[in-house]
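Could you put the whole structure together from the sequences, leaning on the hints where they help?
Single-letter residue listing:
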Amino acid sequence: MNFDFSEDQKMLKEQVSKFLSDNCSLDVARDILESDKTYSEEVWRGLIDLGLTGTAIPEEYGGLGLGALELCVVAEELGRAAAPVPFSSSVYLGTEAIVKYGTDSQKEKWLPKLAVGELISTFALPETNSEPTEKNIKTTFSNGKINGRKIPVADGSCSDIAIVVVKNTDNDHIALTIVDLTSENVKRNQISTLDPSRDHAEIIFENSDAELMDTGDEGWGAIENILNSAAVLMAFEQIGGAEASLNMAKDYALDRYAFGRQIGSYQAIKHKLADMYVKIELARSNSYYGAMMLNDGGADLKIAAAASRVAATDAYNFAAQESIQTHGGIGFTWEADTQFFYRRSQVLGLALGSSITWKNKLVNQLEEKNIS
Amino acid sequence: MDFNDTKEEADFREEVKNWLKENASKGEKVGGRYDAIDVQEDALSRARDWQAKKAEAGYAAITWPEEFGGLGGTAIQSVIYSQEEAKYNVPTGFFEIGLGMCIPTMMAWATKEQNERFVKPALYGEEVWCQLFSEPSAGSDVAGVRTKAEKDGDDWIINGQKVWTSGAHFSDFGIIVVRTDPNVAKHKGLSFFFLDMKSEGIEVKPIRQLSGGANFNEVFFTDVRVPDSQRLGDVGQGWKVALTTLMNERLAIGVPKSADYSSLTRAAKEVDLNDQPAIKNDLVRSKIADWYIQAEGLKYTKMRTLTALSKGETPGPESSIGKIVSAPKMQDLASFAMDLQGAAGIINDSEIALLHSIFQSQWLSAAGYRIAGGTDEILRNIVAERVLGLPQDVRVDKAVPFNELPSGR
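The listed protein sequences correspond, in order, to chains A and B.
Following the working numbering, the numbering of the first sequence begins with 302 at its first residue and continues without gaps.
Following the working numbering, the numbering of the second sequence begins with 6 at its first residue and continues without gaps.
Just to be clear, a hint being listed does not mean it is correct.
Claimed, not checked - As a list, the in silico DSBU-like pairs of lysine-lysine whose alpha-carbon atoms are at most 30 Å apart: (1) LYS670/A x LYS92/B; (2) LYS245/B x LYS156/B; (3) LYS670/A x LYS307/B; (4) LYS153/B x LYS193/B; (5) LYS603/A x LYS285/B.
As the list claims (entries may be wrong) - Here are some of the chain A residues that sit facing chain B, going by a computed Cβ distance under 7 Å: (6) MET302; (7) LYS551; (8) TYR578; (9) GLU582; (10) ASN587; (11) TYR589.
As the list claims (entries may be wrong) - Here are the in silico distance ranges between beta carbons for each label pair: (12) ASN188/B x GLY561/A: 25 to 31 Å; (13) ASP332/A x ASP344/B: 47 to 53 Å; (14) GLY629/A x ASP344/B: 32 to 38 Å.
Simulated from the structure, these hints should not be mistaken for laboratory data.
For every residue, glycine included, the Cβ atom is placed at its ideal position computed from N, Cα and C.
Structure representation (C-alpha cells):
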C-alpha cells in the first residue's frame with residue numbers, strides 16, 4: 302500500500318511552500334486586488350526560476366519531464382497562498398492541452414517557450430451565461446481563421462496565446478486551435494469578476510489567425526479530457542485554499558475572546574471547524590485517487606476527476622465562507638484577508654464548470670459503469 | 006502511488022490466504038451480530054471453534070506480543086488478515102470487545118498472574134468479555150458514572166446499573182468503572198475493576214431498540230462482591246485506566262456496511278419521478294454524487310491510513326473522520342431513498358418494499374449509529390480539540406465534588 306506522494310514530491314512541495322511563504326504573502330494578492338496589475342510578475346518569475354512552469358513538459362521540449370503528481374503538490378501550495386499568478390491557466394490548461402493535442406511542430410514551437418515562462422497561455426472555452434457544451438459552441442474555425450467571442454477567459458488579458466475551443470465548420474466537429482492573442486485581429490477587454498486578484502477577460506476573435514491542433518476524432522472528448530486533468534490539479538489548489546481558510550479561522554478562534562472565553566471553546570465554532578476539516582479530508586482523499594488516475598492514465602480518471610472536483614469545490618466554498626463567519630464583523634472588512642479565499646473559492650469552483658455539471662458527469666460515469 | 010502490497014506484505018497475504026483456504030469455510034453465513042434476546046448458542050459455539058483455530062495459528066491477535074499469545078506482528082498484517090478473512094463466512098461478533106478493549110486494558114494494568122490466567126482463554130474464545138461503562142446518567146459524559154463500590158474488608162460491594170452493554174448475556178467476565186468516592190471531583194472518585202459476570206447480584210436484561218432489534222443489555226448490580234485484588238490501577242485512578250480502554254474503543258467501533266450510493270442508484274433506476282426514471286432527475290443525481298464523494302472519500306482516507314501503517318508510521322488524524330461521515334450518511338441516504346418512493350416509502354414489509362426494504366431498515370438503525378461509540382457531537386469535539394487544538398469547553402463540574410453536582414433527571 303503506497304497511497305501517498307513520494308519523498309521527492311514532498312520535498313518539492315516543501316520547496317514551493319517555502320518560496321511562497323517568503324515571497325507571496327496575502328499582501329501580494331492584495332496588491333493585485335487593489336491595482337490595475339493582472340498578476341504578480343515577481344511571484345510568476347520566481348515560479349519560472351524554480352522550473353515549475355515546465356514541470357510536466359517533456360525534457361525534449363525544455364521542461365522538467367515530471368508528471369501529474371508533481372503538479373498536484375505545486376497546485377496545493379499555490380492554492381494555500383491564493384497566489385495571484387496565471388499558473389492554472391497556463392500550466393494545467395494551456396500547456397497540458399498542447400502536450401496532449403499539439404502537433405509535433407506546435408509542440409516544438411510553443412512548449413519550450415512555455416517551459417521557460419517566455420509565454421503565458423490560457424484556455425478559452427465558455428461563451429455565454431450557459432455552461433459550454435458540444436452543441437452550444439459558436440466560435441467557428443475555417444481556413445485557418447476563427448471568429449467568435451469567449452467570456453470569461455481566465456488570465457485572458459495577460460496571456461500571450463490561447464487554446465481556443467471552436468467548431469470547425471469544415472466538418473462540424475469541435476476542435477482545438479492555438480491563437481496568438483497579441484495579433485491585431487484579437488480584441489481583449491479585461492472584465493470585472495468576483496476575484497480581481499486574478500485576471501479575466503472577454504476575447505473577441507475577428508478572422509484571427511489560428512492553428513488547428515490534432516485532436517484526431519475525439520471532438521468534444523478532447524475538451525472533456527483536458528478538463529478532467531485540470532479538475533484534479535485544480536482540486537489540489539482548492540484544497541490548499543480550503544486549508545488556509547480553516548487555519549485562519551482556527552487561529553482567530555484561539556485569539557478572539559467573547560463572553561469571557563476563547564470563541565474556539567464554544568461548540569458552535571468547534572463543530573463548524575470540525576466540519577471544515579472533514580470536508581477537506583474527504584476532498585483530499587478523493588483527490589489523491591484523482592492524482593493517481595491522472596498520473597497512471599487510469600481507467601477511472603473520469604469519475605475520479607469529477608469526484609475530486611465536486612469534493613474540493615464543496616470543501617473550499619464551505620471553508621472560505623465559514624471562515625468569514627468565524628471571524629465575525631472583522632472578517633467582512635476590506636482590510637481582512639478572509640476575502641482572498643472567499644473570492645478565490647468561487648473563481649476556482651466555477652472555472653472548469655459548475656458543481657451541477659460535474660455531479661452530472663460523475664453520475665454519468667456511475668451509470669456507464671453500471672455501478673448498481 | 007499504488008495500492009499494491011510490499012514484498013513482505015504480499016508474502017504474508019499469501020501465507021494467510023493459504024491458511025484460510027485450508028481452515029475456513031466459504032459456506033453459509035452464520036452468527037453475524039448477536040441478538041440479546043434471541044441468543045444464538047449455536048453461533049457462539051461455532052465462533053468459539055473458529056477463534057480457537059485462529060488463536061492456535063497466531064492470527065487471533067496479530068499485533069499482540071508473543072508472550073500474550075500474539076504473533077508480534079504489525080498493524081498492516083492485522084489489516085491484511087482481516088481483508089482475507091472477510092472473504093470467508095466465518096463467525097464473528099463475539100470476541101471483538103473482549104480482545105479489542107478489555108484484554109488490552111488487562112494487559113496494561115493487571116498483574117502478571119492475572120494476565121496468565123485470563124489472556125489466553127479470551128484469545129481462544131473460551132471466555133467472553135464485556136465492557137461496563139455507560140449508565141443511564143452517564144453516556145457522552147461517561148466519567149459521570151453513579152454505580153458505586155464500597156469497601157468491605159478485602160472486598161468491594163457494587164450497587165448500580167450499567168447500560169448499552171454488548172454481549173453481557175453471554176459474557177464470562179467484564180471490566181467496570183465505578184464511583185468509589187462521591188466526595189471528590191468527578192474524574193477523581195472513580196476506580197476500575199474486572200469481575201465475574203456470573204457473580205451473585207448481577208442481573209442482565211436485554212434492551213429492545215427503536216429498530217426492533219436487541220443488540221445490547223442493561224446490567225443491574227445488587228450488592229455484588231468483588232475482591233480488591235481485581236482492582237486495576239489505584240483507588241481513584243479509574244479514569245486513567247478507563248482511558249486505556251477508550252483509546253482502544255476508537256479502533257474497535259465502526260459502522261457496518263450499509264446501503265450506499267450504489268443501492269441508491271439502483272433504486273433511482275427502478276422508481277419513476279415525473280414519469281421518467283428518478284435517475285434522470287438532476288436533484289437525485291446531485292444527491293448521489295454527494296454521497297459518492299463521501300463514501301469514496303472515506304474509502305481513500307482508509308487507504309491513506311493503511312499507507313501510514315504499511316510504512317510503520319502512526320496514521321494521521323484524518324482517520325478520525327470515519328463515523329462523523331458514515332453514520333449521518335446512513336440516515337440521510339436512507340431517508341432520501343424513501344422520499345423517492347413517495348407514499349410507499351413508509352412500507353417496510355420486505356416482500357413489498359423497494360429493494361427488500363433495505364432503506365427502511367437502515368433508516369431505523371442509523372439513528373443508533375449516530376450515537377453509539379461517540380455521538381456526532383462528541384466526535385466533532387474530539388476533532389476540534391485533538392486535531393485542530395481548540396480549547397475544551399468550560400467544565401463547570403471540574404472542581405466540584407461529584408455529590409454536589411446538579412444531576413437533573
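Tested hints:
no.	hint	result
1	LYS670/A x LYS92/B	holds (23 Å)
2	LYS245/B x LYS156/B	holds (20 Å)
3	LYS670/A x LYS307/B	holds (23 Å)
4	LYS153/B x LYS193/B	holds (14 Å)
5	LYS603/A x LYS285/B	holds (20 Å)
6	MET302	holds (4 Å)
7	LYS551	holds (5 Å)
8	TYR578	holds (6 Å)
9	GLU582	holds (5 Å)
10	ASN587	holds (5 Å)
11	TYR589	holds (6 Å)
12	ASN188/B x GLY561/A: 25 to 31 Å	holds (29 Å)
13	ASP332/A x ASP344/B: 47 to 53 Å	holds (50 Å)
14	GLY629/A x ASP344/B: 32 to 38 Å	holds (37 Å)
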